[in-house]
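J.: Use these hints to put chain B onto chain A, whose structure you have.
Taken in sequence, the protein lines are chains A and B.
The numbering used here numbers the first residue of the first sequence as 2 and each following residue consecutively.
The numbering used here numbers the first residue of the second sequence as 2 and each following residue consecutively.
Simulated from the structure, these hints should not be mistaken for lab results.
Any given hint might turn out to be false.
Intra- or inter-copy, both count: the list cannot distinguish identical chains.
[As the list claims (entries may be wrong)] Listed next, the in silico SDA-like pairs over lysine to any residue satisfying Cα-Cα at most 20 angstroms (straight line):
| # | residue 1 | residue 2 |
| --- | --- | --- |
| 1 | Lys36 | Glu269 |
| 2 | Lys290 | Arg142 |
| 3 | Lys216 | Ala137 |
| 4 | Lys247 | Leu303 |
Protein chains: 2
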Amino acid sequence: MDFSPLFWPVELKGETISALDETKLPQRLIYFKIKNYQEACRAIKSMKTRAIGQVLLVFYTFLLYVRRIKEEKKLLPTLSLIAKSLNATRPTLPFKFLTDMVLDWGKEPSTVEKNIKGFLEFLKAKRIEQAQAAGALFEDRDVILTHCNVSGLLPLIGAFCRKQKKHISFFVTETRPYFQGSRLTAWELQRAEFNVTIIPDSAVAHVFAEGLVNKVITGADQLARNGDIANKIGTYQIALLAGKFKIPFYVLAPPPSNAGTGKDIAIEIRPDKELLTIAGQRIAPKEVKGYYPAFDITPAALITRHIYLRIS
Amino acid sequence: MDFSPLFWPVELKGETISALDETKLPQRLIYFKIKNYQEACRAIKSMKTRAIGQVLLVFYTFLLYVRRIKEEKKLLPTLSLIAKSLNATRPTLPFKFLTDMVLDWGKEPSTVEKNIKGFLEFLKAKRIEQAQAAGALFEDRDVILTHCNVSGLLPLIGAFCRKQKKHISFFVTETRPYFQGSRLTAWELQRAEFNVTIIPDSAVAHVFAEGLVNKVITGADQLARNGDIANKIGTYQIALLAGKFKIPFYVLAPPPSNAGTGKDIAIEIRPDKELLTIAGQRIAPKEVKGYYPAFDITPAALITRHIYLRIS
Numbered sequence: 002m003d004f005s006p007l008f009w010p011v012e013l014k015g016e017t018i019s020a021l022d023e024t025k026l027p028q029r030l031i032y033f034k035i036k037n038y039q040e041a042c043r044a045i046k047s048m049k050t051r052a053i054g055q056v057l058l059v060f061y062t063f064l065l066y067v068r069r070i071k072e073e074k075k076l077l078p079t080l081s082l083i084a085k086s087l088n089a090t091r092p093t094l095p096f097k098f099l100t101d102m103v104l105d106w107g108k109e110p111s112t113v114e115k116n117i118k119g120f121l122e123f124l125k126a127k128r129i130e131q132a133q134a135a136g137a138l139f140e141d142r143d144v145i146l147t148h149c150n151v152s153g154l155l156p157l158i159g160a161f162c163r164k165q166k167k168h169i170s171f172f173v174t175e176t177r178p179y180f181q182g183s184r185l186t187a188w189e190l191q192r193a194e195f196n197v198t199i200i201p202d203s204a205v206a207h208v209f210a211e212g213l214v215n216k217v218i219t220g221a222d223q224l225a226r227n228g229d230i231a232n233k234i235g236t237y238q239i240a241l242l243a244g245k246f247k248i249p250f251y252v253l254a255p256p257p258s259n260a261g262t263g264k265d266i267a268i269e270i271r272p273d274k275e276l277l278t279i280a281g282q283r284i285a286p287k288e289v290k291g292y293y294p295a296f297d298i299t300p301a302a303l304i305t306r307h308i309y310l311r312i313s
Numbered sequence: 002m003d004f005s006p007l008f009w010p011v012e013l014k015g016e017t018i019s020a021l022d023e024t025k026l027p028q029r030l031i032y033f034k035i036k037n038y039q040e041a042c043r044a045i046k047s048m049k050t051r052a053i054g055q056v057l058l059v060f061y062t063f064l065l066y067v068r069r070i071k072e073e074k075k076l077l078p079t080l081s082l083i084a085k086s087l088n089a090t091r092p093t094l095p096f097k098f099l100t101d102m103v104l105d106w107g108k109e110p111s112t113v114e115k116n117i118k119g120f121l122e123f124l125k126a127k128r129i130e131q132a133q134a135a136g137a138l139f140e141d142r143d144v145i146l147t148h149c150n151v152s153g154l155l156p157l158i159g160a161f162c163r164k165q166k167k168h169i170s171f172f173v174t175e176t177r178p179y180f181q182g183s184r185l186t187a188w189e190l191q192r193a194e195f196n197v198t199i200i201p202d203s204a205v206a207h208v209f210a211e212g213l214v215n216k217v218i219t220g221a222d223q224l225a226r227n228g229d230i231a232n233k234i235g236t237y238q239i240a241l242l243a244g245k246f247k248i249p250f251y252v253l254a255p256p257p258s259n260a261g262t263g264k265d266i267a268i269e270i271r272p273d274k275e276l277l278t279i280a281g282q283r284i285a286p287k288e289v290k291g292y293y294p295a296f297d298i299t300p301a302a303l304i305t306r307h308i309y310l311r312i313s
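So that you can see chain A by itself, here it is in the shape it has in the complex:
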C-alpha cells in the first residue's frame, strides 16, 4: 500500500523530530526539524503541521524527552510541563486526551517509550482499518465531494476502492483561507492518480444541483460524545446542503473527546489577517476587520454515518 506523505507526516529520528511542512505544499515536499517542545508548540500554532501531524507531533515530542531525560524522577514533571504547553496551543483540538494517556504511562518510566511506540503502531493500523471501512461505503462511479484535508485517508480509501474495482472520483472545495483543499487534498489525490476537481467553497450547492456529486465525506477535528463534530469552517454548511439534496454525508471521526455535545466545544477564532492577507499582501482595506472561526459544529443529525477511528 502506497501512503500519502500526509498519512504519517511526522517521524522521530534519533534526537530530532522531522515534520512535513504543509505550508510549502504542493510546490515543495520538504520536512523541517523540531528539537524541543517549544518548537513543537510553535509548529502547531503556525499550522506548519496539522490534524494527524499535530497528534503525531504530540507523541513524538514526549518520546524525545523520554529519551533525553536520564534522571527518572525528573521525567514525569517534565512530561507534565510539556503536556501543559501542548494543550495551550489550539482550543478546538482535544490534545488533552492524548497528553493524559502519556502522563499515565509516564508513571512507569521504564516502559513509557515502549508504550508510546506501541501506541503509534496501533494508531497506524487503526487508521488503515478506518480507511478500509470508509472504502466499503463507496460504489463504482461514485463522485465524492470533500472539504479541507483528512491527512492521507482519502487516497487510502481510494486505494481500497480500486482493489475492489470500484472507480471513484473526487471534487474538493479549495477550503479558504488556508487552501487545504487546493494545496493538500488535490495534491495527494492527484499524486495517487485519482480524478480530482477543485471548486470554490461557494459552489457546493450549485455542484449538488447540477448532480455532479453523489456523496460527501469529511474528517473531524473533534467528536463530541453525542456524535456532533467540530471540523474545518464550512463543514456545517456543506452538511446542511447535502441534507437538502439528500446526498449522504459521511464523517471520518476521531475518538470522542470529553465534550458532551457540539455546544461544549470551544471554537478557535484565528487571527483575521489569515483571511485578509495572501502571501503577505493585504486583500482587504487596511482598516476593515475579518471574522475567521477556524471550525464549525456539525450536529450528529446531519451526519449519515460516522466512520470511527477505534482505538479504545
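T.: For chain B alone, kept in the frame of chain A given last:
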C-alpha cells in the same frame, strides 16, 4: 448624497471613456482609458470593470462612436458591429437588452446621442430610487449579510437608513475567487463609515447559527421573467441557508431579461486558473483541474423580496 466610486464607475470625457479599474482596488483608486470598442470588450472580459460598470461601458462605447461617425449612413452598421462584439463577451450577462435599445435609437441618427444621455440620467435616478426602496426594508440595528458587490448600492442604502436614524451594519463574504467582497464591498462600506466584517464564503451557516446576522441582501446579474436570478457563484447556497434559518433574503434585481426561468440562463464557466492561481502564483498542483462556474441560479421561491430597478 455622497456616492461610492462603484456606483457610477465609468464616464465618457470627450473622445475617451474613463473606467475605474476594479482589479486595483482597494489599494489604488485609479481609472483606465478606453478608446474603442475592442478595448471595451477586453475590459469586460478581463473584469477590470464589472456589473453596472459593464452596463455603463456598453452605453458609453456606443456614445463614443455616435460622436465619432460623421457619415450618417455608416452609423447603424457600426453600432450593429459593436453590439455583436459586446454581446459576445460574457454569456450570463444580458447585454442584448441594452444593445437592442441603442440599435433602435440608432435608426434616428440625429437624436441617438440625446437618447443615450437621457437614458443614463434616467438610469441613475432609478438606481437611487432602488436603493431608497431597499433602505425601507431595513430596521434599526439590522445586521445584513451580503455577497459579492452591488456596485455602490449598499452604501447608498445605508445612507438612506442613516437619514431615518436606523443604524445598520454589515457582514460580507470575501467572495472567492475574485474577492469582490473583501476588495470592493468592504472598501466602499468602510469608506462610507459603516461597520463591516469580512467572513470566509464557508462561514455563512456558522454566522447564521450564531445569530450574528438577521437579513441578507445581494444583487443579481440577470433576472428571469419568473423571478429566478443569476448572481455570483455562492448566492444560491446563501439563499438556501437563509431559508433554513428563516432569515429574509432580499435581491436588488435588474430589469428582467428574455429568460423565462433560471433554467434558460447560460452559466458562464470562467477559466480555472482564476481559481487555482493568486497573483500569478499557482496554489493547486499544476496538473489538477478546477471548475469555476462564475454564477449560479437562485430560484424565485428562495427570494423573500425583489427590489426592482424600474426602468420600463
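J.: With reference to the structure, classify each hint as holding or not holding.
T.: How the hints compare with the structure:
Taking the shortest Cα distances, lysine 36 and glutamate 269 never come within 20 angstroms of each other, neither inside one copy (27 angstroms) nor across copies (52 angstroms). In the homo-oligomer, the alpha carbons of lysine 290 and arginine 142 lie at most 20 angstroms apart only across protomers (19 angstroms), although the nearest pairing inside one protomer, at 44 angstroms, exceeds that limit. Proximity of lysine 216 to alanine 137 under the C-alpha cut-off of 20 angstroms is restricted to the intra-copy arrangement: shortest distance 13 angstroms within a copy versus 43 angstroms between copies. With identical chains, the CA atoms of lysine 247 and leucine 303 are at most 20 angstroms apart both within one copy (10 angstroms) and between copies (18 angstroms).
Of the hints listed earlier, the one the structure fails to meet is number 1.
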